[in-house]
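**Student:** Below, each chain spelled out in residue letters.
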Amino acid sequence: MNSALALEVERLRVELDGTRVDIIDEVSFSVLAGHVLGLVGESGSGKTTAGLAVLGHTRRGARIAAGEVRIEGRNVLALSGLERQSLRGKLVSYVPQDPASALNPALRIGKQLDETLSEHGFGNAEARKARITEALGEVLLPGDEVFLRRYPHQLSGGQQQRVALAMAFANRPRVIVLDEPTTGLDVTTQAHVLATVRDLCQAHGVAAVYVSHDLSVVATLATDVAVMYSGRLVEVGPTSALFRHAAHPYTRRLIEAIPELSGEHALVGIPGSAPRPGLRPQGCYFAPRCEYVRDVCRVTFPPVETVVKGHEVRCYRYEAVLQESLAARPAAPRRPELQAEEALVAIRGVQASHGARQVLFDVELVVRPRECVALVGESGSGKTTLARCIAGLHKNYEGEISFCGDLLPAGCRARNQETRRDIQYVFQSPYSSLNPRKTIGQIIAQPLRLFFDARGDEARRRVVEALERVQLNSSVLDRYPHQLSGGERQRAAIARALIAEPRLLVCDEVTSALDVSVQAAIIDVLGELQRDLDIGLLFVTHNLALIRTLSQEVAVMSEGRIVERGLVDSVLDHPKAEYTKKLLSDTPSLEAAMAAAR
Amino acid sequence: MSEAGAAATAVAIPPPARRRRPWFALLAGAWHQGRTKVGLLLLLLLGGSALLGPYFAPYSPTEFVAPPFSTPSDFGWFGADLLGRDVLSRFLWGGRTVLALSTLATLMGMILGTAIGLIAAYSRGVLDDVLMRAMDVLLSFPQIVFALVLAATVGPKLWLLVLAVGITTTPRVARIARGAAVEVVERDFIRAAEAIGEPRRRILLGDVLPNITGPLVVEASLRLSFNIAVVAGLSFLGFGIQPPNADWGLMINENKNGLTIQPWPVILPVAAIGLLTIATSLIGDGLSRSVAGIDRGGRAKE
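From first to last, the protein sequence lines are chains A and B. The first sequence begins at 1 in this note's numbering and counts up one residue at a time. The second sequence begins at 1001 in this note's numbering and counts up one residue at a time.
Derived by calculation from the structure, the hints in this document are not laboratory data. Here the structure is a predicted model, which means the values were calculated and not measured. Any given hint might turn out to be false.
[Said to hold, decoys possible] Selected chain A positions facing chain B (Cβ under 7 Å, derived; list incomplete): (1) Ser240; (2) Asn435; (3) Leu450.
[What the hints assert, rightly or not] With a straight-line cut-off of 20 Å between C-alpha atoms, the simulated EDC-like cross-links for lysine to aspartate or glutamate are: (4) Lys438(A) / Asp1285(B); (5) Lys395(A) / Glu1254(B); (6) Lys438(A) / Glu1186(B); (7) Lys395(A) / Glu364(A).
Glycine is no exception: its CB is placed at the ideal position from the N, C-alpha and C atoms.
With the hints as constraints, model all of the structure from the sequences given.
**Tutor:** Okay, here's the thing in structure tokens:
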């Protein structure tokens, strides 16, 4: 492997158009040929902006104000628009987050790949054909005529993303920017795509910038990691050094927020939120949320300090941070003991369909009071449908769902008021589950009015109580959902469920739309509720790493069937079903990656 | 209530900090467009003269004050009409009916249409099909023909005019309401309301309706501008207010033969009707741009 410097980014600054407000600034990093740099950060940290700037591109409303991007010594930013355009796809290429919107739905796969090549004057038709077959082979797709004649919608999400990869690698670029390319994919597909990216980068000596919010993925894939916070690079270093000896407090907090399969450590969220461009404080931007903060941190932004060669950090207090061992993380709180009790919800032989398509086959599941059952499966496994059947949001099923021994009718309109109160449902996306035209106070008071006929002061008092339970300040009462962050919205949604005093809480992928630091806080809130409030919890998720911290029992779903059921420890440590084993081995894990690097 | 309780509430619940209601943003966004200001100014001027005009009219609208078709040089500000009545007075008296009838008809159409659109969007299935196909049937009649048929069978009654124009407004509003609501009823917060057993009526009025006010407000102002023209047209054709009462549409019809000698009794109402429709559609345009701007901003933030 040659280790020539393929990409150098120096003091890059991107501003909001027409203002002097920077989105990112002082971003410098370099990537060797064949290496993968993981650019990590939470939503709004500027990681995508930095990734796009490598191509000399910005989103609308932003512009590159200063800095250099050198690809094999050539400054991309000094080139004219047309020259830059001819570089893209040839010298530097891009793989977007959502392949479904990146591929042209009206063109056949073969035609689209051919365009990428012919646009850059690649050989004659015959040579292009050969290269297309080769490129598709590299991403483990068939390069035959039948496949080339397909349209994007005829491929699965994973296949589409691999076509996008093939397209990006087709011209043998020197640099490739991947913007969260596996976010929408299942873990198994994600594992394939990650392996493909790693192999191709090494085989062709391509320098890759892998933009991601998922530290576990970055730990498995990247050779180096750059951590972004609020538009600044706060720490850069080789992957193992950075994760084992994180020198920036923010990096530490991020690592502590990552859920682990072992579930030994408590998940710790980061309170507060990152400042937005234009609203950043003086001094270090992380200072308001930092536990190591000193007066000097509030005056000027820290300069770049070198921990060891190649590992740089922007923190005045990095030596103090390094003193503390990462292993000293708080242990996970004990989950309540499982008690043999009557079932709260018992599901027997449930078959459900969407229209003519059957999605659930003969499903059996039991949730007891004070118990958390995790329902794990990939997208399309039917886990959400099952959760919705229980909550009465999906009517089209056969079989028995009983609650406290009584058979539940299908559909919430057919159920009585008491059952509707006893079973509460929290939705996946807090962006669509709260009415944008109502205040948080009005939204949370809605169940109160229906179930307890509470109004006025009494209602307001109980709403404030519910908000406190989910660690929200009462100042959000009169705000509208769009004035809240994603994490705050999801807490409000949980508060709405809690105020009904339910006996069963169904949580459908409640953290999948949120950042890891926020996810950790939400999981923390749910665990506390379950310990304090004696409610049963059905926790639906695709993330195996989350369940050990929260649940006693787990049910693994695949293609509409429950393939394995049992206590969390026994299922995760000694999986019996092939599918569970596969799922476990494909789940990216920081611990596993660290162990492998050792 | 004890004072201690009130004090405790005051501590626990801080006063609302920055409370900008979404519809306020809509209006503010519209106000920042020049077209809205021009539209409002015109509406204020013409609406004002129609509403308050009678108090300022120099003569009674039915009083004969000068020889027929006296020009402004012979009599008053705008001369006299075919029967020798003061043109200015008749103009000032004649706006009320047009404005009142078209506003009432628009209101009726908006309420009916919104209700039908909401119910269709929420219920889906057969009811949706039945309601919307019925709307399509209504839509296939030209507005003015429908009104003419009704008026010809029952006779020229004012309530009939409102009914006819209101009914023909309904399907257009229903389509807009349904189109906007279909997307809203798919969102999770509607599922959340259903799951806790919120009655259908409250879901429609409390959860869906506030989310489609933008397009509805825009539609209302556009419908109003169309309906002003239709109502004026119907009274021109003799199905509105009956002579000798003053009315803009009627004035045009009565005086069209004298256009070459005394054009003012035609020009004044024509200009007023024209400017009124322009005013309401300018306002509608401003509102719709504001809605689009808010949507763009809202999406970009996500």
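**Student:** Could you run down the list of hints and mark each one as holding or not?
**Tutor:** Evaluated hints:
no.	hint	verdict
1	Ser240	violated, 36 Å
2	Asn435	holds, 5 Å
3	Leu450	holds, 6 Å
4	Lys438(A) / Asp1285(B)	violated, 26 Å
5	Lys395(A) / Glu1254(B)	violated, 65 Å
6	Lys438(A) / Glu1186(B)	holds, 17 Å
7	Lys395(A) / Glu364(A)	holds, 17 Å
The structure does not agree with the numbered hints 1, 4, 5 stated previously, though it agrees with the rest.
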